[in-house]
Amino acid sequence: MSKVITPRDTDYSQWYNDIILKAGLADYSAVRGCMVIKPYGFALWEHMRDQLDRMFKETGHQNAYFPLFIPKSFLSKEAAHVEGFAKECAVVTHYRLKNDPEGTGIIVDPEAKLEEELIVRPTSETIIWNTYKTWIQSYRDLPVKVNQWCNVVRWEMRTRLFLRTTEFLWQEGHTAHATSEEAIDETVQMLNVYAQFAEEWMALPVVKGVKSANERFAGAVDTYCIEAMMQDGKALQAGTSHFLGQNFAKAFEVQFADKQNKLDYVWATSWGVSTRLLGALVMAHSDDDGLVLPPKLAPIQVVIIPIFREASQKKIIDEKVKEFCADFKAREIRVVYDEDDSNRPGWKFAEYELKGVPVRIAVGARDLENSSVEVARRDTKEKMSVSVEGLADTIALLLSHIQENIYQKAMAYRDSHITRADTWEEFVDILETKGGFVSAHWDGTSETEDQIKELTKATIRCIPLNNPVEEGKCILTGKKSTERVLFARAY
RNA sequence: CGGGGCGUAGCGUAGCCCGGUUAUCGCGCCUGCUUUGGGAGCAGGAGGCCGCAAGUUCGAAUCUUGCCGCCCCGACCA
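As numbered in numbering that gives the first Met the number 0, the first sequence has no gaps in its residue numbers, which increase by one up to the final residue, 490.
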């Protein structure tokens, strides 16, 4: 037993870290707050990225790339925006190093001070809107629908692998439209893309909703979000889509002439998901034996492990497995045949479970005599003997069952962790004992939300879309309310 | 930035109070043989500036002071 994972019950944070480190998704780095994403973790990210990218293209977006550095003056053009990010920006002040005349080290050359300091992008609205100004003159130039995949830096006080690191990878879409309606449609469309991706690919059920003013993106008119529920009962914001109104157009003077040759400011959106999704994926499905990955995103969907005593048996197994692999690949099933002899089968079983590989196939001489193989699924730990006839079909079907099963499991957990509270005592009790989302009435004010946060550490995660109208009284103040909102403690 | 831990081989650790030959053990690594259906066994072997720097001492992993780094918990945030 070389790799032991701390059980969830013992220490949830440690369990989470153990999974990431021991499954080989990431490592800590020499830079505080920054992580190294290892090949296995990056392969997972690539699958997510590729699918999202396809979905963005299908909805009419194009990729582009904007600079890492943003002139300091840009950031301050939109008042709410600068206030939201000012506290966590890395600033470039110099452009040259030199040998320290006092010693052996290297120092910042004081003579190489930048005239205007550069901010390492925490998000790119400002540099992009400064650029859009030159792209947009007429309604014929609209809409502009651009996305970029990049890294951003937010100097957080406290970091957590994948969930919050100083530097992280993400995509940010930035669109410009002629009308408010069209921009809102775009905002909602991208929210739906995210929700569909989370549910169909990550097997992660999410609640779609709108943020309260407190939780809104700095500079947005409305922030839409998808909220997911983790196994410890804490909520995680998995993606956001913002309707920016004309805020950035006004700040950067982006106007267009409409058909009547009247000038108006353009309407904007921005939307993003990040490597944080990897954290969500880990916390949503994994167990005390390691990662559990949804087949659609798993870098390895099927691992085949040979079991043999003699070289002659191995040869027979090799030939058969070669056929299996060809069949699997023809169906675009990502398969690995692990014939490395330096580890024994038992070791491999444990290792691939730790890495969350959805399906394991053990092939021994005994199996082949019966024209069968042993198939084990990661999600249920179930083992079964399966005929080699039509194996690729069987496995393809099994993979889709696994995808569905882990989604249903996460959904059942999530649904059982949305609890209604009608009194303050109930509200506090649910947060303390059960966790999850608490559905409760709220008087709609920031002051009340702040006070609830102060008292319980819970925040409003979202006001769900298509929320039913219901007469009620605010959980804290008793004032009139017309709908319930979802509260939770969150990451 | 507050509170709590921890820095000894690639990883996890013992030793530290009470200074004293060659720094402990496990995993991993290398060689060989035996093994292979749930993290193999035996034998041999390599690997250390005990986080860094000063100090005390005949002598420091151990005592003193300073510094550095990381993790966990909180405030801030995706």
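Heads up, some of the hints might be wrong.
Claimed, not checked - In silico DSBU-like pairs for lysine-lysine, Cα to Cα no more than 30 angstroms straight-line:
| id | residue 1 | residue 2 |
| --- | --- | --- |
| 1 | Lys56 | Lys132 |
| 2 | Lys132 | Lys144 |
| 3 | Lys233 | Lys314 |
| 4 | Lys452 | Lys479 |
| 5 | Lys382 | Lys321 |
| 6 | Lys37 | Lys321 |
| 7 | Lys319 | Lys380 |
| 8 | Lys37 | Lys408 |
| 9 | Lys56 | Lys207 |
| 10 | Lys382 | Lys21 |
| 11 | Lys112 | Lys86 |
| 12 | Lys207 | Lys261 |
| 13 | Lys97 | Lys76 |
| 14 | Lys207 | Lys472 |
| 15 | Lys132 | Lys71 |
| 16 | Lys56 | Lys295 |
| 17 | Lys97 | Lys71 |
| 18 | Lys37 | Lys347 |
| 19 | Lys328 | Lys261 |
| 20 | Lys380 | Lys314 |
| 21 | Lys452 | Lys472 |
| 22 | Lys382 | Lys408 |
| 23 | Lys321 | Lys347 |
| 24 | Lys472 | Lys233 |
| 25 | Lys408 | Lys233 |
| 26 | Lys71 | Lys249 |
| 27 | Lys258 | Lys328 |
| 28 | Lys233 | Lys479 |
| 29 | Lys56 | Lys382 |
| 30 | Lys21 | Lys347 |
| 31 | Lys433 | Lys233 |
| 32 | Lys144 | Lys56 |
| 33 | Lys207 | Lys328 |
| 34 | Lys313 | Lys347 |
| 35 | Lys233 | Lys207 |
| 36 | Lys295 | Lys37 |
| 37 | Lys21 | Lys144 |
Because the hints were derived from the structure by calculation, they are not lab data. Treat the numbers as computed from the prediction; the structure is a model and nothing was measured.
Hints, verified against the model:
1. Lys56 x Lys132: Given pair lysine 56, lysine 132 holds - Cα atoms ~24 angstroms apart, limit 30 angstroms.
2. Lys132 x Lys144: It holds: about 14 angstroms lies between the C-alpha atoms, which stays within 30 angstroms.
3. Lys233 x Lys314: Given that 30 angstroms is the threshold and the Cα spacing comes to 51 angstroms, the pair is violated.
4. Lys452 x Lys479: holds (20 angstroms)
5. Lys382 x Lys321: Holds, because 22 angstroms separates the two Cα atoms, which is no more than 30 angstroms.
6. Lys37 x Lys321: Answer holds: lysine 37 to lysine 321 is near 29 angstroms, not above 30 angstroms.
7. Lys319 x Lys380: Status holds; Cα separation ~25 angstroms.
8. Lys37 x Lys408: Measuring from Cα to Cα gives roughly 28 angstroms; hence the hint holds.
9. Lys56 x Lys207: holds (22 angstroms)
10. Lys382 x Lys21: Measuring from Cα to Cα gives roughly 24 angstroms; hence the hint holds.
11. Lys112 x Lys86: Holds: lysine 112 and lysine 86 sit about 22 angstroms apart, inside 30 angstroms.
12. Lys207 x Lys261: violated (37 angstroms)
13. Lys97 x Lys76: violated (35 angstroms)
14. Lys207 x Lys472: holds (23 angstroms)
15. Lys132 x Lys71: Distance ~18 angstroms between lysine 132 and lysine 71 Cα, so the pair holds.
16. Lys56 x Lys295: Answer holds: lysine 56 to lysine 295 is near 19 angstroms, not above 30 angstroms.
17. Lys97 x Lys71: holds (25 angstroms)
18. Lys37 x Lys347: holds (20 angstroms)
19. Lys328 x Lys261: Roughly 58 angstroms between the alpha carbons, so the hint for lysine 328 and lysine 261 is violated.
20. Lys380 x Lys314: holds (29 angstroms)
21. Lys452 x Lys472: Holds, at about 18 angstroms.
22. Lys382 x Lys408: Holds, at roughly 19 angstroms.
23. Lys321 x Lys347: Given pair lysine 321, lysine 347 holds - Cα atoms ~19 angstroms apart, limit 30 angstroms.
24. Lys472 x Lys233: Roughly 25 angstroms between the alpha carbons, so the hint for lysine 472 and lysine 233 holds.
25. Lys408 x Lys233: holds (17 angstroms)
26. Lys71 x Lys249: This hinted pair holds, its Cα atoms lying about 18 angstroms apart.
27. Lys258 x Lys328: Status violated; Cα separation ~54 angstroms.
28. Lys233 x Lys479: Within the cut-off at roughly 28 angstroms; holds.
29. Lys56 x Lys382: Violated, because 40 angstroms separates the two Cα atoms, which is more than 30 angstroms.
30. Lys21 x Lys347: Given pair lysine 21, lysine 347 holds - Cα atoms ~14 angstroms apart, limit 30 angstroms.
31. Lys433 x Lys233: holds (10 angstroms)
32. Lys144 x Lys56: holds (10 angstroms)
33. Lys207 x Lys328: violated (36 angstroms)
34. Lys313 x Lys347: At roughly 17 angstroms apart (the allowed maximum being 30 angstroms), lysine 347 and lysine 313 satisfy the hint.
35. Lys233 x Lys207: holds (16 angstroms)
36. Lys295 x Lys37: holds (20 angstroms)
37. Lys21 x Lys144: Measuring from Cα to Cα gives roughly 40 angstroms; hence the hint is violated.
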